[in-house]
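Engineer: Starting from the known structure of chain A, arrange chains B, C and D with the ligands on it as the hints suggest.
Residue numbers (UniProt numbering), protein chains in the order written: chain A, 1 to 286; chain B, 1 to 286; chain C, 1 to 311; chain D, 1 to 311.
Treat the hints as calculated values from the structure; they're not laboratory data.
Only true hints are included.
Derived lysine-lysine pairs resembling DSS-like cross-links, with alpha carbons at most 27 Å apart:
id, chain 1, residue 1, chain 2, residue 2
1, C, 232, B, 105
2, B, 195, C, 304
3, B, 87, C, 308
4, A, 87, D, 304
5, B, 271, D, 145
6, A, 195, D, 141
7, A, 157, D, 308
8, D, 145, C, 304
9, D, 6, D, 39
10, D, 141, B, 271
11, C, 304, C, 280
12, C, 141, A, 271
13, C, 281, C, 270
14, C, 19, C, 6
15, A, 44, A, 61
16, B, 157, D, 141
17, C, 118, A, 226
18, D, 259, D, 304
For each label pair, taking beta carbons as the anchor points, the in silico distance ranges come out as:
id, chain 1, residue 1, chain 2, residue 2, range
19, D, 265, A, 35, 49 to 59 Å
20, D, 229, A, 243, 20 to 30 Å
21, B, 238, D, 122, 27 to 37 Å
Note that this is a predicted model, so its numbers are computed, not measured.
C-beta: ideal position from N, C-alpha, C; glycine also.
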Amino acid sequence: MIKKLLNKNKEYANLSMVNNFQNNSLDEKFWMNCPECKKNIFKKDVEENLYICPKCDYHLKLPARQRIDLLIDTGTFTEFDKNLYSKNILNFPEYENKLNLYKDKTNENDAVITGTGKINGLNATICVMNTDFMMGSMGAVVGEKITRAATYSIENKIPFIIISSSGGARMQEGIISLMQMAKTAQELRRLSEYKIPYISILTDPTTGGVTASFAMLGDIIIAEPKALIGFAGPRVIEQTIKQTLPDGFQRAEFLLEKGFVDIIVNRKDMKNMLFRIIKMHGYQEA
Amino acid sequence: MIKKLLNKNKEYANLSMVNNFQNNSLDEKFWMNCPECKKNIFKKDVEENLYICPKCDYHLKLPARQRIDLLIDTGTFTEFDKNLYSKNILNFPEYENKLNLYKDKTNENDAVITGTGKINGLNATICVMNTDFMMGSMGAVVGEKITRAATYSIENKIPFIIISSSGGARMQEGIISLMQMAKTAQELRRLSEYKIPYISILTDPTTGGVTASFAMLGDIIIAEPKALIGFAGPRVIEQTIKQTLPDGFQRAEFLLEKGFVDIIVNRKDMKNMLFRIIKMHGYQEA
Amino acid sequence: MMQIDKPILELESKIQELKKLSQDNNIDLSTEIDILTRKLENMKTQIYENLTPWQKVNLTRSNDRPTSKDYILNICSDFIELHGDRCFRDDLSIIGGIGLIDDICVTIIGHQKGKTVKENIARNFGMPHPEGYRKALRLMKQADKFNRPIITFIDTPGAYCGIGAEERGQGEAIARNLLEMSSLGVPIISIVIGEGGSGGALALGVCNKLAMLEHSIYSVISPEGLSSILWKDVSKASQAASIMKLTSNDLYELEVVDKIIKEPLGGAQKDVKSTSESIKKYIIEQIRSYQNLTREEIIDDRYKKFRKIGY
Amino acid sequence: MMQIDKPILELESKIQELKKLSQDNNIDLSTEIDILTRKLENMKTQIYENLTPWQKVNLTRSNDRPTSKDYILNICSDFIELHGDRCFRDDLSIIGGIGLIDDICVTIIGHQKGKTVKENIARNFGMPHPEGYRKALRLMKQADKFNRPIITFIDTPGAYCGIGAEERGQGEAIARNLLEMSSLGVPIISIVIGEGGSGGALALGVCNKLAMLEHSIYSVISPEGLSSILWKDVSKASQAASIMKLTSNDLYELEVVDKIIKEPLGGAQKDVKSTSESIKKYIIEQIRSYQNLTREEIIDDRYKKFRKIGY
Ligand SMILES: [Zn+2]
Ligand SMILES: [Zn+2]
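Excised from the complex, chain A in its bound form (with noise of 0.2 Å):
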């Protein structure tokens, strides 16, 4: 109804919610703010529309599990290694109880989620990163998934996709966090040399130890439209050189024209994407 009501009087129902909102401090639960276009919207209307903002088009943090079920056919996902938990190697300071934080928080044990699918019937291993998981960084557990993963797709010759979003490397695993970079590359390079595709997803964000490993090693590079990808996070850059950044750095847009991208999708037409991709590989439904 609501939803309805604005879509016709745009205009008006815009501001009187904005009024509604400020005033009556509009329960936080329903509303939020987008944060590309600034305009209020209904929460309902952004989880229905795959979290991409109703009246501008950004594309917000869709949830892991939501992403697997937009991009992978109904009832046919089998996860990889639900049970691998991180240890505190270094005994870092505090680790294992926001690790428990997280996993109480996110009911899942690390910030990646890995498992094999299919896509319009064509089979594919897929790994999907979770910010809400300690950032999405990636610790010796996120390296170990995508690795055994890779080494799934290689064994069973089927097209993989790592769909990242991240902090970066997680510090409290010090060096080791550090090492899984070079151990999913090598992966990568095996992937590679058995000319499987490899499909890299980039969301937002997309930063760090992350953006300087696997998710820059596709063969084909798909980025969501507006998402910040970089090695360094915009913050850093900005108080290493002293500057503000020019708008649209870092984002998706720039790094097609910068070459380090392929193509811009739409989350809602990333399934179709993938299946024609895996198809023109020569894949066929089995």
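Structural biologist: Just chains B, C and D with the ligands now, with coordinates in the frame of chain A:
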């Protein structure tokens, strides 16, 4: 005597020489003007100094046969394909006449000398381009001779060296001349597959189709100081962009900075540098 | 183009006039119309089968000449454009991607000109910078990895001449492509669809089979360039064109080109679909002919093609 | 460094004073001098064998810490520096070339810091841009072609953070090196000689054997970075250093590092020659140990090294 005088009382001597030169039109047989420092230099001094300006170290054109004398141990050079002659495949107007003119003038049959010899005792195949012959342009004979020389290196497993200097493709041979770029490049690909080191030496000027084929394909690329090296010639670029080019543009030092040249080597040190490189590739005196 | 078409257009409008006259005044002019129509057909054949080299140069440069993209979209049942050199920039003067021709997966790369001024500025009039060639090479190596035949469309005035192009190694980029293309174990089929300008064209043209559209050209230097070198006078370009052997017939006689693909009367732009069909037919034939060759045989076939040119 | 050295320098000057006093006034202070000299030796050992992680961080960052070039010139009987990425620029924050160690031809690549402000500006304080990594990769592939072992020296605060670095794909360049290094059929020996800063260090560190100079460090983030994330306070870097396990001992215990190369008392800068000798000895030993392995075995050895880290 004059040389000593010049060296001892530099400023004074110079001035008087310039005066002499201008007033009395001193014989141009004996004197020349350095294109870099603009000073008058005694031709004999230049020739005795490997055609390097004794005042500013500028590298003037070293005649091709003298280049071989400089780099190859005396008495060890065996020339290849001396009697390959260009044909007028396209019936291009005046081409035969032009060829004959250059043959008479240079006493060479085309714009490259190829052969094999020793560098401080180490075997090498060497190709020296000759700008005295039709600006060192590449037609079928240049392409063929370089290709055959590379084949010789493959068959005899000895390092391959090209000293480039060229105005580019030879327009009188049209498409045939263009195709020499592919022909030479693919022979270098074979050379590379056989893991035979190819050292490319760029001298003033190296441009056009030569730059865009074998000159830029060395495992190691050496340039003489200040040599002009580019795809398009500076005048063509200036005409296209309607601006004057910055100082030093397309010079060896510029290419080093831009990442396209490995080392800039003074002509006097060139033979020793080749020797060191070949030695470091595991070759020994035979 | 204007000049070439002019008598044809005049005659066409005359026929239209007669038709209108006949209809408006209800008089029978069918004999006259028939004669003129036959004359028009003859004239077209006459003109287009006897284009001078310079007319062909202008034909390939005209704004309505079909571009790589036109052929790609007509030939492929599906096409995904891929972007970028993974190093500096995505150069829009080269288009590339993966596509399906019938059921064959291929990689297609071509110089890309624009049709409007705006488009041409974005596409830099089909004159690549080094990053364009590096994008092409990346896509070709990818094709090699996945064992996809490579189709290249050649249509460029030449590699771009400018400061940035030199700074980023125009010569190196072209040279690298020549060498690397010669090492790919998949068949490469190149088709000159318009202007094949010098090293900038050859950088996509180290192929197993080279075809040219009937009216396309391919040369080591532009007619303007040659004319300015020979006679210090750019305006004699048409004269230069006539001596430099740049038409598909010339190159076929020189054994540089393997096949001339006929264009519809009046040029490819008169019927993009049928021209695309001819191209598609040629591509499929050629791919089929390489189907049973090993990687080494394919590399060797390409090697021999260029090895024998010139001597 | 100042802080670490301070008590040592004070004691040294006291001994000098006593010596002068003894000489000038002709009094015998030899017992006192002996005692103090022994005390000095003990103090040195005490201090340098018990450096805190933060002291090590500072030691590796001090201007007199030997750089890649210092070791290269001491280790090689001949070395030719090679330049450029063949694409955009020669990045001076990475040095690379071919050299002879005894009679073994090797390719050596290292991060290169400067010793003066001017040098450091030219070298960008040892923080590479993407073109630095691309130069390194070019030289490594060349080494692979000619079957030369690869030595890398790691000494960087990290890959550079800046607009140009992001524009030209810092992430891609590092990632590419990780993948490509894992495919090289020659042994890669890496030695952390100073600061091993994050991905910018690892981009030269996908090796068969990893050694660290005794006082060098290697970490996923700088102590300052960690401190500012954990406590929003850069000044607690020393505290951060103490929890992040970045010393050679820590990494040896974590089985990331294969070997700790001892430094002379007081650190490598006190005796570059002897440190170079130790490094050279290690390199030669390691190269010998790979001499009889096939390319595939060498690749597999490297693969296993990283495959087992973490899980
Ligand atoms: Zn919005
Ligand atoms: Zn001079």
